[in-house]
Amino acid sequence: DTEVTQTPKHLVMGMTNKKSLKCEQHMGHRAMYWYKQKAKKPPELMFVYSYEKLSINESVPSRFSPECPNSSLLNLHLHALQPEDSALYLCASSQDWQGELDTQYFGPGTRLTVL
Amino acid sequence: KNEVEQSPQNLTAQEEEFITINCSYSVGISALHWLQQHPGGGIVSLFMLSSGKKKHGRLIATINIQEKHSSLHITASHPRDSAVYICAVKRTSGSRLTFGEGTQLTVNP
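Line by line, the protein sequences give chains A and B.
Okay, so the first sequence: first residue is 1 according to our numbering, each after it adds one.
Okay, so the second sequence: first residue is 116 according to our numbering, each after it adds one.
None of these hints come from the bench; they were simulated from the model.
One thing to keep in mind: the hints can contain errors.
[Said to hold, decoys possible] Calculated lysine-lysine pairs in the DSSO-like style (CA-CA distance at most 27 Å, straight line):
1. 183/B to 41/A
2. 41/A to 116/B
3. 53/A to 9/A
4. 116/B to 22/A
5. 170/B to 36/A
6. 9/A to 170/B
7. 116/B to 38/A
8. 53/A to 40/A
9. 9/A to 40/A
10. 53/A to 18/A
11. 169/B to 183/B
12. 116/B to 170/B
13. 36/A to 18/A
14. 36/A to 9/A
15. 170/B to 183/B
16. 9/A to 19/A
17. 38/A to 19/A
18. 22/A to 40/A
Every value quoted in this text rests on a predicted model; they were computed, and no experiment measured them.
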């Protein structure tokens, strides 16, 4: 099983809403990632979890709050977002993010629209 | 100047044409990845290269470490190959992927 799943596929939310994105993998990977991708741009790294601990936060605003409840699950909690936060949010996982020949497996993404 | 440069940005081809997408990078790397992204989002990893050449079906990827250059070739292209192809490198210093801007490929029947 080389699959990373993400739910929901689409999400529309208002600026005052609280919502969560979910990511799951069952490959035994110990690194999990959140990326944000705007249209016609490459993905931008937001967070990296390694062995369930936050290793990288790329100066992401606090209205985005990641959580890694266990080695298979990664959540991204959203609160008080802005319209400019509308984007495709991609989750990825890999065996060990510091491994030189490590390959990241990406999920299908959640298309987020903030009204 | 971006650390990872792809060319062309856009490519339109007729079915069955041989396609080449290029990637040049300016930093020391431990590996280079070719990724495919179809409309609607999900990214698929096609190849990871640290040297030489890899082949999978109609796709071939090569890398020249000395020249800091990689190419992705598609033989006998098909409309289903239409997608964005992204080159990404893993630096020798650090663990993040650095992405190119992507090449939008359209293959017409």
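Would the pair residue 116/B and residue 170/B pass a check requiring their Cα atoms to be no farther apart than 27 Å? The hint is violated at about 30 Å.
Does residue 18/A lie within 27 Å of residue 36/A when you go C-alpha to C-alpha? 18 Å, holds
Check whether the Cα positions of residue 53/A and residue 9/A lie no farther apart than 27 Å. 26 Å, holds
Do the alpha carbons of residue 170/B and residue 183/B lie within 27 Å of each other, as the hint requires? The given pair, whose Cα atoms are some 20 Å apart, holds under the 27 Å limit.
Under the criterion that the straight-line Cα-Cα distance not exceed 27 Å, is the pair residue 169/B, residue 183/B satisfied? 17 Å, holds
Please verify whether residue 41/A and residue 116/B have alpha carbons no more than 27 Å apart. 16 Å, holds
Check the hint pairing residue 170/B with residue 36/A against an upper bound of 27 Å on the C-alpha distance. With a Cα-Cα distance of about 30 Å, the restraint between residue 170/B and residue 36/A is violated, given a limit of 27 Å.
Assess, step by step, whether the Cα of residue 38/A is no farther than 27 Å from the Cα of residue 19/A, and give holds or violated. Distance ~20 Å between residue 38/A and residue 19/A Cα, so the pair holds.
Pair hint residue 53/A and residue 40/A, alpha-carbon separation not exceeding 27 Å: Not OK: residue 53/A and residue 40/A at ~31 Å, beyond 27 Å, violated.
Does residue 22/A sit within 27 Å of residue 116/B, going by the straight-line distance between their CA atoms? Roughly 35 Å between the alpha carbons, so the hint for residue 116/B and residue 22/A is violated.
Given pair status - residue 40/A, residue 9/A, alpha carbons within 27 Å: 19 Å, holds
So if I understand the rule, the pair passes when the alpha-carbon distance is 27 Å or less; does residue 116/B with residue 38/A pass? Answer holds: residue 116/B to residue 38/A is near 20 Å, not above 27 Å.
When held up to the earlier numbered hints, the structure conflicts with 4, 5, 6, 8 and 12 and fits the remainder.
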